[in-house]
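Trainee: For the protein sequence lines, the chains are S and F, in the order given. If you're matching positions, the first sequence starts at 1 in the working numbering and goes up one per residue. If you're matching positions, the second sequence starts at 1 in the working numbering and goes up one per residue.
Please keep in mind that the hints were generated in silico from the structure rather than gathered at the bench. Heads up, a few of these hints could be off.
[As the list claims (entries may be wrong)] EDC-like mimics (lysine to aspartate or glutamate), calculated; alpha carbons at most 16 Å apart, straight line: (1) F:K115 x F:D130; (2) F:K211 x S:E470; (3) F:K115 x S:E247; (4) F:K224 x F:D108; (5) S:K512 x S:E429; (6) S:K360 x S:E432; (7) F:K135 x F:E154; (8) F:K188 x F:E43; (9) S:K30 x S:D424; (10) F:K224 x F:D138; (11) F:K211 x S:E469; (12) F:K90 x F:D108; (13) F:K78 x F:D13; (14) F:K82 x F:D13; (15) S:K296 x S:E469; (16) S:K30 x S:E105; (17) F:K211 x F:E196; (18) F:K184 x F:E154; (19) F:K209 x S:E432; (20) S:K296 x F:E219; (21) F:K211 x S:E472; (22) F:K209 x S:D62; (23) S:K475 x F:E196; (24) F:K194 x F:D231; (25) S:K250 x F:E117; (26) F:K209 x S:E472; (27) F:K194 x S:E432; (28) S:K436 x S:E358; (29) S:K482 x S:D62; (30) F:K90 x F:D138; (31) F:K78 x F:E154; (32) F:K90 x F:E219; (33) F:K45 x S:E358; (34) F:K209 x S:E191; (35) S:K356 x F:E43; (36) F:K209 x F:E196; (37) F:K78 x F:D7; (38) F:K137 x F:D231.
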Amino acid sequence: MPEKERTTDNGQRTTDDSFVRRYIFTTDHKIIAFQYLCLSLFAVVIAIVLSVLMRLQLVWSDSVQPDVYLSAMTMHGTLMIFFVLTIAPQSGFGNYFFPLQIGAEGMAHPRLNALSFWIIFLSLLILLSSFSNENNVIGSISGWTAYPPLSVLGDGKGLDNWLISLSIFCVGALLNAVNFISTFLRSRNIELMELPLTVWSWFTASVLSLVVFPVLLSALVLLFLDRNAQTSFFIPSNIYIGGQIIESHKDGSPLLWQHLFWFFGHPEVYIVILPGMGITSHILSVFTGKPIFNYKSMVLATVAIAFLGLVLWGHHMFTSGLNPNLSIAFSVLTLTIAVPSAVKTFNWLATLWRGKIELKTPMLYSIGFVSLFVTGGLTGLVLGQSGLDSAMHDTYFVVAHFHLVMGASAVFALFAAMSFWFPDMFGGEMNERLGKIHFFITFAGVYAMFVPMHAMGMVGMPRRYSSFEEFEYLKDLQTLVKFVTIAAVVTATAQSLFFINLIWSVYRIKRKNKK
Amino acid sequence: MPRSISDFGATFDRQFYLTMFVIGVAFVAVQCCLGIFIWRSSEGKITKDNLRVEIVWVLFTAVVFLMLALLGQRVWAKLISKPNTENVFKVEVTAQQFQWNFHYAGIDHLFGTTKTELINDAETNYIGLDRNEEKAKDDILSSVLVVPVNRVVELTMKSHDVTHSFWVAPLRFKQDIVPGVTTKISFKPTQTGKYEIACAELCGAQHYKMKSYLLVVSEDEVNKLMQLSQDEFQTTVTTLLR
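Let the hints inform the model, and build the full structure from the sequences given.
Mentor: And the structure:
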């Protein structure tokens, strides 16, 4: 009888444990990485379906109720930001490759690692339980930013679910960040200036998480108290809503929430995109047969982005009535962060220059990342100027900007990572032809969806509207709205190619191994 | 973009198109480089690190971006500057789910006091105006914003429920209206006409329906309107909106 090997504390995979012990309650960082990736894949499917439903609603305005639209929008944003774009690049691919790339046996705290996953899993379950809420509304209608007083006085039980879910998420994300940081600090014999850029970006994103998730957690708890314990952190006096004066709250500040939320919210976009930048740098270097150009400046740019990212949250609040002089500082700082981003772009281009370019699928996705990141990033030059933001704020211009710069580009980095590391994870390659078809449709689709949105924003089309039929000046845009919806349906459908490729490739490899 | 109808719009448009020009050049340059470098794949000669090029690039981008940021401050300064004239047309704006309320001072140029406890939706006193006050007698409440052309307009804005945002696309600015905070903003309309007012901050399920009109008319017309009673004002404005 073979010796029964237990799951070891340093995260090594056991040989003959039960399925449950090996794949469910495991402490192996590689399996935990798979768990995170599966969770993200599950979340992204729901998020894609919701986005298609939203686009259809904008074409056939009578199809669903406005609050159903708003709750779908909130759920789409929350799932994408937290459960896909925060989890997959960092907790998913990071968990797998970060320890390997610094020569560690696993994450520093394997049990904590498993605990983080189950906390995040619980958080997702709670968020999704909103689907069964009253009036067919899929949870909160306040948007992923949940601005009070609306979120306190004008939203249903879905928002409590949202608050509990995200509070738990913060704890999971925080423990995960601690684990990355201590794994990094515990590693021996590493030369800082020789580390892969992926390691630098995962580490930097972890430090950012450590700084900002506690702030979000405290804000969420305060908002929960405002809703359920009649405290007044965010609710001012003399509120009159729904035909009655609210006497249970007084002297709070709605702007305090905005500060706390965006102090988290802005660095969050760098938590999302830094791992993507690291992955892109790595892949560009491999498929050009060259080391990344000016490696040191890449490291410095990563750190600079993280540092500057912490001090420019106010650019989300230019129109909020923030002290106008403060906006000047936030505006200048915002345009300053474009400099390290430009350094990265320059170095990526210089790496491609005269490279021996192999256009395999991971490389295509990485080139797509650079293209989308630059296109989306450039419009930040408009939004970062407080004067210009006053017109573009809360229009489709912003929707286009952030979807390109930290939505689609981060997703492209995930596609790149999956196809690039697939051989390491599964022992065989993904299908190249299917991968390329998926790349070209998605790349064209993303541009087809988001370029017209800039035009809509310039005309003044507000975001978070479930219908545009009330306004004369938006009627001319109806053709563009339809065009974007068609592009969205096609692009969303094309994602099935990626899923088919993924599942089919895994199945094919497993079958081959059995033989 | 819709044609600008205020003096702020002209300043805005200059900076906007300058920024879009810089963006356009950078966009074309980067995407072309991507295309050309991929197209002209070669034997993969290693490009040596070159700190000097990087420093030049950092300085170049820093100068361009900071120039934009500094020039952009002129737009911001124009938007936030207080009117430097006494001749200001003042309107008090109260936003609520899902309608706009505009409060005019009438002929005495004095606004009546508003109190939350006096709000009476049944009597269409949506802002709680104390009608017993002497200075409130000639005040006019309307869901339409009527302002004179070529004169500085100052809006004093507040909300009595959730956060809203005042947005008229041809005016080129929006201003959030956060409950508990009174915000002032001024602009000078330069074109007469009828324009749509939208809410640009998510304020609930009917957010997309929170609509009203901005009517820019001649100064004489505004003066005449201010002398009317509440009902006469409403009838005249309804005619003007047609």
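Trainee: Decide, hint by hint, whether the structure agrees.
Mentor: Checked hints:
With a C-alpha separation of about 7 Å, the suggested pair K115 of chain F and D130 of chain F falls inside the 16 Å cut-off, and the hint holds. As the CA atoms of K211 of chain F and E470 of chain S are separated by approximately 8 Å, the hinted pair is consistent with the 16 Å bound. Annotation: proposed proximity of K115 of chain F to E247 of chain S holds, straight-line Cα distance about 14 Å (limit 16 Å). A threshold of 16 Å between alpha carbons decides the hint, and for K224 of chain F with D108 of chain F the separation of about 13 Å falls inside it, so the pair holds.
Taken as a hint, the K512 of chain S and E429 of chain S pair is honoured in the structure, with Cα atoms around 12 Å apart against an allowance of 16 Å. Pair hint K360 of chain S plus E432 of chain S holds up; C-alpha atoms about 7 Å apart against a cutoff of 16 Å. Restraint check: the Cα-Cα separation between K135 of chain F and E154 of chain F comes to about 19 Å, which exceeds 16 Å; the hinted pair is violated. Restraint check for K188 of chain F and E43 of chain F: the C-alpha separation of about 62 Å exceeds 16 Å, so the hint is violated.
At most 16 Å may separate the alpha-carbon atoms for a hinted pair to count; K30 of chain S and D424 of chain S meet this at roughly 11 Å. For the suggested pair K224 of chain F and D138 of chain F, the alpha carbons sit about 13 Å apart, so the restraint of at most 16 Å is met. Distance check on the hinted pair: K211 of chain F and E469 of chain S sit about 11 Å apart at the alpha-carbon level, within 16 Å; holds. Taken as a hint, the K90 of chain F and D108 of chain F pair is honoured in the structure, with Cα atoms around 12 Å apart against an allowance of 16 Å.
A distance of roughly 13 Å separates the Cα atoms of K78 of chain F and D13 of chain F; the hinted pair therefore holds under the 16 Å criterion. Between K82 of chain F and D13 of chain F the CA atoms are separated by roughly 21 Å; this puts the pair beyond 16 Å, and the hint is violated. Between the alpha carbons of K296 of chain S and E469 of chain S the distance comes to roughly 53 Å, so the proposed pair goes past 16 Å and is violated. Between K30 of chain S and E105 of chain S the CA atoms are separated by roughly 11 Å; this keeps the pair inside 16 Å, and the hint holds.
Under the criterion of a C-alpha separation no larger than 16 Å, the hint pairing K211 of chain F with E196 of chain F is consistent with the structure, at around 7 Å. At most 16 Å may separate the alpha-carbon atoms for a hinted pair to count; K184 of chain F and E154 of chain F meet this at roughly 7 Å. Note on K209 of chain F and E432 of chain S: the hinted pairing is violated, with a Cα-Cα distance of about 49 Å set against a maximum of 16 Å. With a C-alpha separation of about 64 Å, the suggested pairing of K296 of chain S with E219 of chain F is violated against the 16 Å cut-off.
Straight-line distance between C-alpha atoms of K211 of chain F and E472 of chain S comes to about 11 Å, which keeps the hinted pair within the 16 Å bound. A distance of roughly 14 Å separates the Cα atoms of K209 of chain F and D62 of chain S; the hinted pair therefore holds under the 16 Å criterion. Under the criterion of a C-alpha separation no larger than 16 Å, the hint pairing K475 of chain S with E196 of chain F is consistent with the structure, at around 12 Å. For the hint pairing K194 of chain F with D231 of chain F, the CA-to-CA distance comes to about 21 Å; that exceeds 16 Å, so the pair is violated.
Between K250 of chain S and E117 of chain F the CA atoms are separated by roughly 15 Å; this keeps the pair inside 16 Å, and the hint holds. For the hint linking K209 of chain F to E472 of chain S, the alpha-carbon distance of about 12 Å falls within 16 Å, and the restraint holds. For the suggested pair K194 of chain F and E432 of chain S, the alpha carbons sit about 57 Å apart, so the restraint of at most 16 Å is broken. Only pairs whose Cα atoms come within 16 Å are accepted, and K436 of chain S paired with E358 of chain S is accepted, the gap being roughly 13 Å.
The suggested pairing of K482 of chain S with D62 of chain S holds, with an alpha-carbon distance near 15 Å, which does not exceed 16 Å. A C-alpha spacing of about 15 Å is found between K90 of chain F and D138 of chain F, which places the hinted pair at or below 16 Å, so the restraint holds. A hinted pair counts as satisfied when its Cα atoms are at most 16 Å apart, and K78 of chain F with E154 of chain F qualifies at roughly 14 Å. Between K90 of chain F and E219 of chain F the alpha-carbon distance is near 13 Å, which keeps this suggested pair within the 16 Å criterion.
For the suggested pair K45 of chain F and E358 of chain S, the alpha carbons sit about 14 Å apart, so the restraint of at most 16 Å is met. A distance of roughly 59 Å separates the Cα atoms of K209 of chain F and E191 of chain S; the hinted pair therefore is violated under the 16 Å criterion. Proposed proximity of K356 of chain S and E43 of chain F is supported: the alpha carbons are some 5 Å apart, at most 16 Å. Proximity of K209 of chain F to E196 of chain F is assessed by CA-CA distance (about 12 Å); at most 16 Å being required, the pair is judged to hold.
For the hint linking K78 of chain F to D7 of chain F, the alpha-carbon distance of about 9 Å falls within 16 Å, and the restraint holds. Among the hinted pairs, K137 of chain F with D231 of chain F is consistent with the structure: their alpha-carbon atoms are about 13 Å apart, no more than 16 Å.
Consistency note: the structure conflicts with the earlier hints numbered 7, 8, 14, 15, 19, 20, 24, 27 and 34.
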